[in-house]
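Q: So the chains spell out like this:
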Amino acid sequence: MNSASEYDLDLSDEDRIELLRTMRRIREFESTVQNKFADAEIPGFLHLYIGQEAIAAGVCHALDERDHLTSTHRGHGHCIARGLATDRMAAELYGKETGYCRGKGGSMHIADVEAGMLGANGIVAGGIPIACGAAVSAQMRDSDEVAVSFFGDGALSEGAFHESFNLAGTWNLPLVGIIENNQYGEMTGLDEQHPPAALDDLTIYGEPYGAARDRVDGMDVEAVYGAAKQAVERGRTGGGPSLVECVAYRFEGHHEGDSQFYRDEGEYDEWKQKDPLLTYPEKLIDEGVITEEEYAEMEAGIETEIEEAIEFARESDLPDPSEAYEGLYSEGGGHA
Amino acid sequence: MNSASEYDLDLSDEDRIELLRTMRRIREFESTVQNKFADAEIPGFLHLYIGQEAIAAGVCHALDERDHLTSTHRGHGHCIARGLATDRMAAELYGKETGYCRGKGGSMHIADVEAGMLGANGIVAGGIPIACGAAVSAQMRDSDEVAVSFFGDGALSEGAFHESFNLAGTWNLPLVGIIENNQYGEMTGLDEQHPPAALDDLTIYGEPYGAARDRVDGMDVEAVYGAAKQAVERGRTGGGPSLVECVAYRFEGHHEGDSQFYRDEGEYDEWKQKDPLLTYPEKLIDEGVITEEEYAEMEAGIETEIEEAIEFARESDLPDPSEAYEGLYSEGGGHA
Amino acid sequence: MSATTATETEEAAVRDVINATLAQEMERDDSVYIQGIDVAGRGGTSNILKGLDDRFGRDRVRNTPISEEAMVGSGLGAAATGMRPVVEVMYCGFLAEAGDELLNQVAKMRYMFGGKLDLPLVIRTKNVMGANAAAQHSQSLHHWMAAIPGLKVVCISTPADTKGLLTAAVRSDDPVLLFEHGGVYNKSGPVPTGDHVCEIGEAAVEREGGDVTVVATQQQLWNAFEAADTLAEEGVSVEVVSPRTISPLDTETIVESARKTGRCVVVDESPLSYGTQSHIAAEISEQAFFSLDFPVQRVGVKNVPTPFSPSLEDEVVPDTDDILETVRTLV
Amino acid sequence: MSATTATETEEAAVRDVINATLAQEMERDDSVYIQGIDVAGRGGTSNILKGLDDRFGRDRVRNTPISEEAMVGSGLGAAATGMRPVVEVMYCGFLAEAGDELLNQVAKMRYMFGGKLDLPLVIRTKNVMGANAAAQHSQSLHHWMAAIPGLKVVCISTPADTKGLLTAAVRSDDPVLLFEHGGVYNKSGPVPTGDHVCEIGEAAVEREGGDVTVVATQQQLWNAFEAADTLAEEGVSVEVVSPRTISPLDTETIVESARKTGRCVVVDESPLSYGTQSHIAAEISEQAFFSLDFPVQRVGVKNVPTPFSPSLEDEVVPDTDDILETVRTLV
Ligand SMILES: Cc1ncc(C[n+]2csc(CCOP(=O)(O)OP(=O)(O)O)c2C)c(N)n1
Ligand SMILES: Cc1ncc(C[n+]2csc(CCOP(=O)(O)OP(=O)(O)O)c2C)c(N)n1
Ligand SMILES: [Mg+2]
Ligand SMILES: [Mg+2]
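Protein chains in written order, with our numbering: chain A, 4 to 339; chain B, 4 to 339; chain C, 131 to 461; chain D, 131 to 461.
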């Protein structure tokens, strides 16, 4: 597993502060909506990203505006890292008409295609073929765009992953797969879901496809950035697909309401030591990149942002029931 | 690519004659039905196995009665090697009520579950999950049965292959995959269908699953037998899944009617040198295992067998139209 | 053979009946086993299977990787070779991941092979509507599976049915897709205590009535009961019919009721185009044509995926008011 | 907007019209490309695409590995990012391999994302019945796709339709599933020479008549023409309606014809249970109820997979005689 030191990083102080800010914004958004969900303000499912912030932040920092990405059921972090607005995200979670999907999608389906965000996805591995298609499109249009797909360790067992990477290998597509290994698929550990041969290094799944393989500390945002940058660069310059495993941990339940009966004793505490929102601020403060005061200020600003986002969501209207019949087709609704 | 000499073979003269006989019977059956198809006696599709006989013969020789197998659209060879009767096979091809499927299946669906033959399959990779399930069943019943799935190089691009082998690796199932690499999927060469990383050794697709990998000369029946025996033994003794690539060539079109525009100059002739029905009889005669006369006699007997099989098929009745509504469920037909 | 008559009953919720019935069948027959995502530990996506792993061991309650093709396909292979698998597909929308296995393998294997092969395979899944789970998780897909000849499709609605139909499904030598429903798991009612088997392919007249027939499934059956109560107060006598099996459909029972009342409403959560309602309405319209006073009315989803927002989902998913309103147009 | 009126026509077979229309659209718009198994070289499974690879290059006529999920899913991703893919799925039964992509991604993406996203994706596939191809290859599945809100489903039947509907499909900003038919590829007829676009969602009255309405699709439309000729000789005037688009269905045109004739037969190759016929019959029965003299009759497959043997397949697949027989019960 690679740490940041294995990569040739080009991060300025501003960049590093930006990485921290992104992670902090994700964490704040997630903790806040977690509370609102507990208060029954937010309907439906909620899969929190808490613990995995370094992955979204590190990867998205390596992307350009022109790139495309697909996400998962655990997608808020990717959206925020991609630059989506937290108020419209919150509004979507609340099912409001001001949300990114006008309330039609909710937590599992936030998308902003104009921003290159081809959607969260409620289907495990559902985003991978779509990203693969964005990579085909990028290649055919002779652009140097790259398509990045985020997915969990569990998604590696779905045929959709294999067919997409096989196509990407065959066509030499600019597709970057980011495996977020958070140790579990739902409430089942990795060892029940993968052959022993794969457990130590999930990127082995990319071997037949000729994907460039990399395995990094997913709790270290700079390591993730380093790996992602290499993979993206490779895609951009015609080097074909890559598969990057980010080894991390999910601190909350699979979804809100999960009793978390399955965690091993001490496991949580051990991982908690590596929480990027403990370690990275500390590191940047230690290294003098940011002062404690500045960080506190950043945090306060973010708290305000998220509070306002929630306020925006709360105050927005629910869509008019008639909207249910709009938006299915280019010409509108669904009646037939 | 392994030749026979890499394996510890335990073939008696009788075994070797049996292997020859099986291959010869497949070839005779195939050439005969090819003619009958050309004469429009046989309806539907016909995918011939000519050129690949050594694979079915070698693999099935390594199996016991209690084992299970699944086959493909190109399945006649597997059926014959498994011991199915050529008359009931021919009858099925003719759509007659005496056929293995009472005329309901035809060439692409011959099955004899009692004989452990879980069916040809018109869906590429369609048999693999089924064989995987037979392997689950074998394991759960504490039997030492093994499930063997034959499939083409093309099937490796289907999600069904990957999900099945991933499960087999995770559960350590007695599943043996036989890749019949005949250089083409339909009319498209391997290089358009697989990433460069896989072209030299298709068993790389089994790597993430921890499958034992073996690659043999699929034109050499003894080599195939040797590889299959190892893989089967491994499955039988709790060693988990294997993936064996048999490198071979299909001498006829993808299906009858194929113009074969896609073959490279000289390619056919080169492979023809390795035709197991030229080389193996020669070898056994050279080595004194069988005399020329005995082989001629064998051939004559086989010709008679297949002629009679065709006669049986011709003389059998087409199923009564009312039979169309029988056999859908345990209690009978399909009306509802 | 008709539904076994069982006199003793006890009150139970659908979710507990599923658990108890599976336990009963696993006890009865060693070849019955369960596989699916998180079926051990968590007890399946709705915790329905809680405790079965401890009771029957991890060998018979098997967590699979997230691989629906392999889950369903291996279930088929195991069913063909001596086992009786019960596969859980968490949400019905995930059935599509095993589309080939369902359409081309499970449904066709016996027929294609000449009818000789028993395939005792049960696939349990659930329809979900009204839980703000959005389009991929909020779906009703029994109609989609019923459109495939070769699959028996059962929808469970009441606790008693649950026992009878699940028992029948596990004992059946044919592939049965059992659609549970997220909105029905916590419904309680009397359940026969003895051996109770409902014939697959038999509908039930749940309430007798003379004025209007309401054919309804799952959550909508409970809405239909509610509507029938309200209408009874208004002096309208509603006959409520539960198809129970969607394929093969017991048209006889449904048509008989339609002939009697001459007025029918079919309520289901599939889309109005090409959904269950259309087929049931077509059968009634054809076979009870000369007895009908009014056209058969269909209540369902107006051909959109299920939207997430409560205000939208409430609009889209039929409720008791929709049934009331529709019945009132007929009387 | 109605079908463009084009006066000049030329005789052509459906297979050639598909080829020419795709060529026309690829010429017109650089973002149109084709992908599928063996589409280059062989020209697709029925050689329909012959020559397009030479003309437009291998970059725009792309052979894929045998990976339906990736074929359809990548088509979707490309459609969402500026391209207009035309994906060939060789036989309609293979659609099930891309079940998730069709049900959960292609059909729902625009809606789930709030309606903002154009998805100009065409999926061409073919129904096959009557070719002794057995259950997995001999299927008719337009009803199965039509049951998914969010997919536009088109069935082509005549050469003129082929041009009009395929052109519309490629230019559409919505996902369109185009069902071709093995038994229709070689049918010839007049085709408008100019730009010819048929509105998706509009049925066509192919022949006017006053006594009976026959609604028929694809191969069965040609059988219906034949039946109408025979019946005309017997003095029965048949109106033949081609739905053309199966979803969204033009119920207006169909119901109007039913109201006029009062007698209807719906002929299609989907199963009688939960097939196209049931939905069309339900719509007619509901909307033309008071104009109908007899119940709507459905002709289709009696709920079995397609058997291989000619004697069995002939029994199962509707033919002109079945139409004749059914119409005669109504007059
Ligand atoms: C096709 C499909 N099967 C099952 C599910 C149910 N499901 C939702 S999340 C999940 C676990 C996914 O695990 P992983 O990919 O590791 O992502 P994580 O939740 O750990 O982020 C499962 C099984 C689903 N959404 N889609
Ligand atoms: C799911 C699916 N997709 C496509 C096809 C069409 N098809 C039939 S055979 C074949 C080629 C298979 O290639 P391979 O697996 O190498 O087997 P071979 O024909 O060479 O024996 C294809 C694409 C199919 N039958 N099933
Ligand atoms: Mg995970
Ligand atoms: Mg091949």
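It is possible that some hints are incorrect.
To be verified - In silico DSSO-like cross-links for lysine-lysine, where the CA-CA straight-line distance does not exceed 27 Å: (1) A:K286 to A:K275; (2) B:K286 to B:K275; (3) D:K246 to C:K432; (4) D:K246 to C:K246; (5) A:K286 to A:K232; (6) B:K275 to B:K39.
Source of the hints: derived by calculation from the structure; they are not laboratory data.
Q: Are there hints from earlier that the structure breaks, and if so, what are their numbers?
A: Result: hint 4 breaks, nothing else.
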